[in-house]
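Put chain B on the given structure of chain A with help from the hints.
Residue numbers (UniProt numbering), protein chains in the order written: chain A, 1 to 734; chain B, 1 to 734.
Bear in mind the hints are in silico, worked out from the structure with no lab data behind them.
Remember, it's a predicted structure, so these values are computed and weren't measured experimentally.
It is possible that part of the hints are untrue.
Pairs involving identical chains hold if they fit within one copy or between any two copies, as the list cannot separate such chains.
In the BS3-like style, the derived pairs of lysine-lysine whose C-alpha atoms are separated by at most 27 angstroms in a straight line are [stated by the list, open to error]:
hint, residue 1, residue 2
1, K319, K652
2, K502, K532
3, K197, K139
4, K190, K139
5, K319, K638
6, K139, K319
7, K365, K707
8, K652, K361
9, K219, K101
10, K638, K486
11, K662, K319
12, K225, K204
Number of protein chains: 2
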Amino acid sequence: MRYFLLIALSTHSFGHNFLSPLATLRSAHSTLSHAFTRRRPYPTIQMEETLRKALAEKQSAVDSQGNAVRALKAAKAAKADVDAAIEALNGLKLEKASIEKQLQAAVSGAGDGSLNREAFRQTVNNTLERRLFYIPSFKIYRGVAGLYDYGPPGCAVKSNVLGFWRQHFVLEENMLEVDCPCVTPEVVLKASGHVDKFTDLMVKDEKTGTCYRADHLLKDFCNEKLQKDLSITAEKAAELKHVLAVLDDLSSEELGAKIKEYGITAPDTKNPLSDPYPFNLMFQTSIGPSGLSPGYMRPETAQGIFVNFKDLYYYNGNKLPFAAAQIGQAFRNEISPRQGLLRVREFTLAEIEHFVDPENKSHPKFSEVANLEFLMFPREEQMSGHSAKKIPLGEAVSRGIVNNETLGYFIGRVYLFLTRLGIDEDRLRFRQHLANEMAHYAADCWDAEIESSYGWIECVGIADRSAYDLRAHTDKSGVALVAQEKFSEPREVEKLVINPVKKELGLAFKGNQRMVVEALEAMNEKEALEMKATLESKGETEFLVCTLGKNVTITKSMVTISKEIKKEHQRVFTPSVIEPSFGIGRIIYCLYEHSFYTRPSKAGDEQLNVFRFPPLVAPIKCTVFPLVQNQQYEEVAKVISQSLTTAGISHKIDITGTSIGKRYARTDELGVPFAITVDSTSSVTIRERDSKDQIRVDVEQAATVIKEVTDGRTTWADVWSTFPHQSSASADDE
Amino acid sequence: MRYFLLIALSTHSFGHNFLSPLATLRSAHSTLSHAFTRRRPYPTIQMEETLRKALAEKQSAVDSQGNAVRALKAAKAAKADVDAAIEALNGLKLEKASIEKQLQAAVSGAGDGSLNREAFRQTVNNTLERRLFYIPSFKIYRGVAGLYDYGPPGCAVKSNVLGFWRQHFVLEENMLEVDCPCVTPEVVLKASGHVDKFTDLMVKDEKTGTCYRADHLLKDFCNEKLQKDLSITAEKAAELKHVLAVLDDLSSEELGAKIKEYGITAPDTKNPLSDPYPFNLMFQTSIGPSGLSPGYMRPETAQGIFVNFKDLYYYNGNKLPFAAAQIGQAFRNEISPRQGLLRVREFTLAEIEHFVDPENKSHPKFSEVANLEFLMFPREEQMSGHSAKKIPLGEAVSRGIVNNETLGYFIGRVYLFLTRLGIDEDRLRFRQHLANEMAHYAADCWDAEIESSYGWIECVGIADRSAYDLRAHTDKSGVALVAQEKFSEPREVEKLVINPVKKELGLAFKGNQRMVVEALEAMNEKEALEMKATLESKGETEFLVCTLGKNVTITKSMVTISKEIKKEHQRVFTPSVIEPSFGIGRIIYCLYEHSFYTRPSKAGDEQLNVFRFPPLVAPIKCTVFPLVQNQQYEEVAKVISQSLTTAGISHKIDITGTSIGKRYARTDELGVPFAITVDSTSSVTIRERDSKDQIRVDVEQAATVIKEVTDGRTTWADVWSTFPHQSSASADDE
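Excised from the complex, chain A in its bound form (with noise of 0.2 angstroms):
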């Protein structure tokens, strides 16, 4: 069930948290405050519970008006006086009709009448997979739900956001990058909470077995009945959405409940169906031939960093703060995956643990971000059903929205990182985690939400997860993972000292003298001086031997328990870990979603489409264009090519006879952002995508142009000023 393993495992559970009704709700609201702003492509929900109302009040109308006429009737009353209360009952009936219509149109989301989510996702999706930025995987063999390929221009987008994570994260932050492997050994996800906890609730159809997720279900009948059902009073509705608030928190016995209480059956049979229970969504193998060593494909990379906290603290000179990253696969044997290419089966993560004195979660770099503003989304503002609004991060730390500067500097980072890429900012909010999201441990913890037709994404996860994991393999491993801090000169410290008195627990226990007297050792503070003060007063207590599993009577003579002042050297603690963990796949979703827009052709007749994603980003930044078929042009293409292969610039040469303006078109779609045609052997011209502005550059600088402005060194602004423009400023469809 969602809500357990949330709090089981705050934001290692990424994307478990993804879309739930909750954030759906919390969309409708948010989205209003700024809705129908110039990018956004379609329309947002609302007014929904305006027009119920309405709608009821005109039905007891149009009932009553009903009644009228029949009483009218009844009463054989003037021809006249019939037909006008007749004439008001069908003015009634239309009045409610156009309610209907509009109650229909708000809760399938196409209010203003503009292309809608599920149309505008549509129109994104089929150019995305005729282009082959992704492929159902083994299409051939009809698929596997939840798995898929990244085509050419996916996988090139995917490798430059990495690239880009690399250098935005690891190299200027200085960070220990990792490769660990995904087969992973029980004992590593039995300490880190997954074996036990890391489960989804499942139904069963209980004639044929097949399985689905039982809040799954539940969410779809609530849904489906608030969309479909017109006739629902507004209590009811409220009821549902009350559900559907609360579903991540329903235990296995409520969810069950509910679902027999709604009659509920399999979507596909209608059979009836069992009770929920735990399905473990980590696909398990064996390791090695004997059959005995379980294990699993890691649901997280974040693991194989904390394993290696004691060498990696070591390689770093012993010294915090540090963070670790890893780039990897990661595996969810999803129950029944939905929602495309955000739920998916198979995933890559990219995660950062930044270890750092829990005394002291100061970053010394913050003062670069403090300045920075965007949607922020607190949990007082959730829970009082404000929307996300702009708050200057270095504000956020000082009032203390945000738990400490580190968590701060990362949400500044992470927001650079994701805009940089090409996210509109106006889509992209940091939203806390409510108090019953977070895990009993944690500090504090946002999630990046980026506003995609299927509400608002979780993409990056940023917690601060106190020293629990460390901990919990501590534990179970037996290897201390700590650091220390050596002083600079010895500290006096009150240390409690608990000093058994050997002769006398012999005396009195024998055998059993060495229970005692570990058990005596192992008190902790409160415990020992709530002894002190029993065997100073009363002359003896009754303790509590767990091994040997009964009370013994303790007297003032068998210890000796004080407080002394002791001088230390260094102090041994337990780092806490902050970890932004980034899922890739719904990062590059999002930003296909963002980057797509269409404009009509030339002609007018087709609406072209376009990716309008930054150099950084784009699968190939250039392509080749000989105006026409002919060898000289096509001698200079490649000349051109050979230049743009040595400075490293991805690029395409298209040399078929199609027409310019198709050419242009095709690469738009590829999201290509710059188009050199060849049209003389001496200068050629460059077009930028979105403008489609060109200018003329000498064959023999073009590749540099084109280097410069993809690597960032200049901008097409500066290019578009210091050359000359070409007249004809778009050959697009001729």
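Using the frame of chain A, we list chain B on its own:
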């Protein structure tokens, strides 16, 4: 069993041919030809046979001299004669002892007294593990055999190697890179043959159930005998060597028989062993919650490309040739992994599938590699006991040693790739597969083998797999994975036409008519022409209808068989695939060994470790050292660090108070090529790792110089001739 595996899967059994005993023997031969070159840090093994023979002769000399002594004593010969005979006997014994010592040294590989292979490997591996190039995975839980992490410098080296691979292959050759999941449904690996044939033979300790690889036990037995038992005859040694040579060819029964014959028992317990039986090397799992969809972790990345052929061909404008590429994790559940980083259970593969018209395997860029000359080891040279020799690639192709230009082109590109990474060209050879190593369908196959302390290691397989893979998936999926060649004008083709006469067949066979018709239509050309001849000569013929399970009589009136001229507008065919497959982890390990050397410290009291990585590969390109702890110098260091970050150069600041010599040594051991030492606020020194040469450069220029030389736009030699030299040529041990 390896051999069947090879037959079945060819280079797809990548890594399974690694260090086979056959390869070990070959290693001993070919190594001789260029033994004791400057860079080889360990001696080669040889002279063994000669020594064994000499030993046997000396033994029989000792024996007969012993007999002579006894005879003299029995005959009560003169004391002087007896003493002389005894002296001669003792002399012979001393000579025998000397030969034994030489033989011992020869078989343990320390023939010339220099650092031997094992010791060299130990030194390299200690350095690698101490500096976290790699870490045994899950170390705090006592690890898992065959799983390793890349620690920070190892991870950076890997990322650099993969980055260069993308530049050298994907970008320069315009390949279509894809990225497919590791989780693979059974049907795909059933089609590829892995489910049925990807196995090793295993034996079990009959009492404890512990599993061993059958061939490993036999191999260990033979090697142990050969190395430790000096008393065996040259004949016995030859027999054991023969077993080692044919180990890969032994059937399950033969392997079991040899184990019995030699009385081999379980290594740890000495218990008897079971007969050998096959164990599938894939990690199995289950997709989805039902338990009804078996899946495997892919054993190679190639299948993901094959199943996408149709889409990729379309993406390429329905044109051949083109290549697809994939980098990703692959998994093999080894029975008992040995040989450290070379045989692991999870590893990164980089694979290319180049699809080409089987009727035209020329390559337009072959001329660019035709003049390359490097060690090649053709089949014939191996069979006739010769060693690898340098052959110009163009000659190898024109003489037919290498099957075709495209295969040759990739061999050349692989050579360039490996040597640019820093692989020593004297310890790199391209070995052709012997007939019995190659799959029956393969046209030709070459392995890039790199010599390491483990012998010659297969690191890249380059195979012409003909149409096998695409056909296998066509058959299994029913989706035609084919290419078309449109003819510029229609071609006349003679086609066999089989026309069953349904009326006659219906009369004769009634309900079975359909089966007979289908069987007739399914005849191949040879069968049909034979039937035609028989019908013409005898009027009727017996014909086996498989679906009926019996022969039927076909008469002349029942079928017409003829050859007709038809016009064809295109040719439809299954492309051949040429597959270079790179074991990235193995290449990196060999690179470590080839890059490692030691040099004395200035004081001469210790050996310092150095990795001579080229800048391209080096995990960190540059270190920045303030000469002494001093705020001004540290400020300058920070400024330089900032410029390096902006330029995308990975680097490290070391502000510890350690001596500059110690700090140099520390970074030499990580293979950092350049060190910037801040010893003033206006200019700094730059030191090159291997020469220890230093130049003086302005602070503002430092990052640019490093950038130019690490990007390969200039060389250290150029830099050395441009800037003033630092007089204190080496501060390494100040």
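Results for each hint:
no.	hint	verdict
1	K319 / K652	between (48 angstroms within a copy, 15 angstroms between copies)
2	K502 / K532	within (17 angstroms within a copy, 108 angstroms between copies)
3	K197 / K139	between (33 angstroms within a copy, 24 angstroms between copies)
4	K190 / K139	between (35 angstroms within a copy, 16 angstroms between copies)
5	K319 / K638	between (53 angstroms within a copy, 19 angstroms between copies)
6	K139 / K319	between (50 angstroms within a copy, 21 angstroms between copies)
7	K365 / K707	between (31 angstroms within a copy, 25 angstroms between copies)
8	K652 / K361	between (48 angstroms within a copy, 23 angstroms between copies)
9	K219 / K101	within (24 angstroms within a copy, 80 angstroms between copies)
10	K638 / K486	between (63 angstroms within a copy, 26 angstroms between copies)
11	K662 / K319	between (59 angstroms within a copy, 19 angstroms between copies)
12	K225 / K204	within (22 angstroms within a copy, 61 angstroms between copies)
When held up to the earlier numbered hints, the structure conflicts with none and fits them all.
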